[in-house]
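Chains as they are written, first to last, in our numbering: chain H, 1 to 335; chain P, 1001 to 1330.
Hints in this document: simulated from the structure, not taken from any laboratory.
Values in this document were obtained by computation on a predicted structure and should not be read as measured data.
The C-beta atom is built at its ideal place from N, Cα and C for all residues, glycine as well.
Coverage of chain H stretches by chain P, computed from C-beta distances (three or more under 8 Å per stretch; other residues unrestricted):
#1 155 to 164
#2 183 to 197
#3 221 to 232
#4 241 to 247
#5 273 to 283
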Amino acid sequence: MTAPIYEVEGLVIDLYTPTVSVRAVDGAGFHVAPGETLAIVGESGSGKTVMTLGPLGLLPEGVAVDLRGTARADGKDILAMSPSDLSRLRGGFFGVIFQDPMSALNPMLKIGPQLAEQARRYAGLSAEAARKEAVSLLARSGIPDPEDRYGRYPHELSGGMLQRAMIALALAARPRVLIADEPTTALDATVQAQILALIRQIQKEDGIAVILITHDIGAVSVLADRVAVLYAGQVAEEGSAVDVLTAPVHPYTRGLLASVPDFRSDNASGTKEIPGIPPNQARLEPGCRFVDRCDRAIPACRSRRPRLQAVAKGTVPHRVACPVVIAAEGIVTHD
Amino acid sequence: MTDRESRGGPAIQATGLKVHFQTAAGLVRAVDGVDLTVARGAFHGIVGESGCGKTTLARALIGLQSATAGQVNILGRDRAEWARADRKGFARAVQFIFQDPLGSMSRRQTVGQTLEEPLQIHGQGDRAARRGRVAELLDLVALPATVLDRLPRSLSGGQRQRVSIARALALSPQVLICDEPLSALDVSVRAQIVNLFARLQAQLGLTIVIVAHDLAIVREVCSAVTVMYLGRVAEEGAAKPLFDDPAHPYSQALLSAVPSPDPRIEAARPRILLEGDPPSPRNPPPGCRFSTRCPVVEPRCRETEPALRTVQHGGAAACHLADARDHAMI
Chain H
1 MTAPIYEVEG
11 LVIDLYTPTV
21 SVRAVDGAGF
31 HVAPGETLAI
41 VGESGSGKTV
51 MTLGPLGLLP
61 EGVAVDLRGT
71 ARADGKDILA
81 MSPSDLSRLR
91 GGFFGVIFQD
101 PMSALNPMLK
111 IGPQLAEQAR
121 RYAGLSAEAA
131 RKEAVSLLAR
141 SGIPDPEDRY
151 GRYPHELSGG
161 MLQRAMIALA
171 LAARPRVLIA
181 DEPTTALDAT
191 VQAQILALIR
201 QIQKEDGIAV
211 ILITHDIGAV
221 SVLADRVAVL
231 YAGQVAEEGS
241 AVDVLTAPVH
251 PYTRGLLASV
261 PDFRSDNASG
271 TKEIPGIPPN
281 QARLEPGCRF
291 VDRCDRAIPA
301 CRSRRPRLQA
311 VAKGTVPHRV
321 ACPVVIAAEG
331 IVTHD
Chain P
1001 MTDRESRGGP
1011 AIQATGLKVH
1021 FQTAAGLVRA
1031 VDGVDLTVAR
1041 GAFHGIVGES
1051 GCGKTTLARA
1061 LIGLQSATAG
1071 QVNILGRDRA
1081 EWARADRKGF
1091 ARAVQFIFQD
1101 PLGSMSRRQT
1111 VGQTLEEPLQ
1121 IHGQGDRAAR
1131 RGRVAELLDL
1141 VALPATVLDR
1151 LPRSLSGGQR
1161 QRVSIARALA
1171 LSPQVLICDE
1181 PLSALDVSVR
1191 AQIVNLFARL
1201 QAQLGLTIVI
1211 VAHDLAIVRE
1221 VCSAVTVMYL
1231 GRVAEEGAAK
1241 PLFDDPAHPY
1251 SQALLSAVPS
1261 PDPRIEAARP
1271 RILLEGDPPS
1281 PRNPPPGCRF
1291 STRCPVVEPR
1301 CRETEPALRT
1311 VQHGGAAACH
1321 LADARDHAMI
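Generate the whole structure from the sequences, applying the supplied hints.
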């Protein structure tokens, strides 16, 4: 297996507001290699965005943050970096696509020059080369008539076109890791399909690592090679997309997938619900985070934090943090 | 069709409905000539992409948005006349649920006050009877009595949507119109609310119209569906037959765009990718509105706008290439 290009281990992130402290990420980690797409799946508040972007210093504004653990980009310790090195890394090594394109594009500036500036600063191109690069990035992102769009302001583009312009912006510095944070949530179905196809095409052509942060199981199914399922700041299950999505073991993953109907599958289960809501992360109990909503819970789940155990060998290990299901279903573990 | 659906004509009948907005940039034809029939006891989904007019249509059905032209009958009465002559009676019969429950509730009222208010306004029962009804409502939407004293902002998204559903049900309406009530919710909570709607519909014999963009959920729970494109109805019919064999090329593309949660199915199936975005409702193209993006477009499609006609699945589609025997496939 190729060595990971972005790797996070044992990450703990506490967020402090004036009135509460919240453990947003609680001992979670992930890794992604060049040419690979990792999906980090979770619902609101599961910590998926904070876990991925937090080590890069991209955190919610107006809250104090306490961050522990290890994070390495291309083998270098990110958490020990100087602010200027980290800023360079964010702009060049990582490209980020956000849910709302207007959060990344300056509404007062034309689209093209914003891209050219990025290409000049991080890819070290001359002004003339950067302009050409910007036009070709727009073309590559599927924007028709890129010469014309170069001189347009963000408000002159439709939602789907803006999303493409932001992808072009994220690619301008020729990143080695592309992080897409809910890239299709705000888009219509037919435009979603276009954007997912575009991300996949870029990934194949450039062989970069892609991290998809999403709650949309459909998007995961289209793009991901591997999946990590996050619940209340911890990884509940991880493995290949096929293993996790078609043979889930953790009760949360099973519940999540059962709540998503599939009109193409013959054995469609319909919309089953997970009762209850995620725990209050300002007051976490010691045991399994999912215990209050879990139909497989036993008393020990309240006192013992489950650790990830490998349930299948192979190139992509399938790991699950639920000793109850593993024991009850006689699943063989490998570590 | 059940007894309930056949008795006394449709729950909602809209004819030639148009809603146009005058804006600085020109006339927006948000809804541009829609005929819609919702059977009594139906769970009717309205789907389509941003700008197709689905939300404006839902608002115009209940009169939250005044129509430029056309007529809406609800439960056999002219909606505009009914709302003028007997506003409270209309409100008791027809209720609306918004996408953002927080925006539709007073931030200073507790859940108990929010639920009791419609009963007070409509002079229903004494204090004790109203309290009893509030308890019933909480039960109906599966909320614990402990939420009664809480304020909307201290509730989770799913709980808030349950409160807004309970309030809409307070006066025992016959028709519920819901504008994207699921969009702001997380996946697992969305399933809870969908199942709640389905249960209420069966239990109370409600007619529910739901504007939604999660197509898989619409197929799962709705009995009928209307697919809109640029202010017009592209296709309509019973939900499962339409989803299984859509006759309109736009419906085909829309359904093809929904990924399967199974990566093995996803890797194997051919996908239809439409080019570009929908055109602006300020400037719909001549002829068929989908002609600018349609992969099987013919010259006549750019000239004549197709009328809705009966197609194979028993519903209707507005496509020159579709009739009762056959339809184009993209």
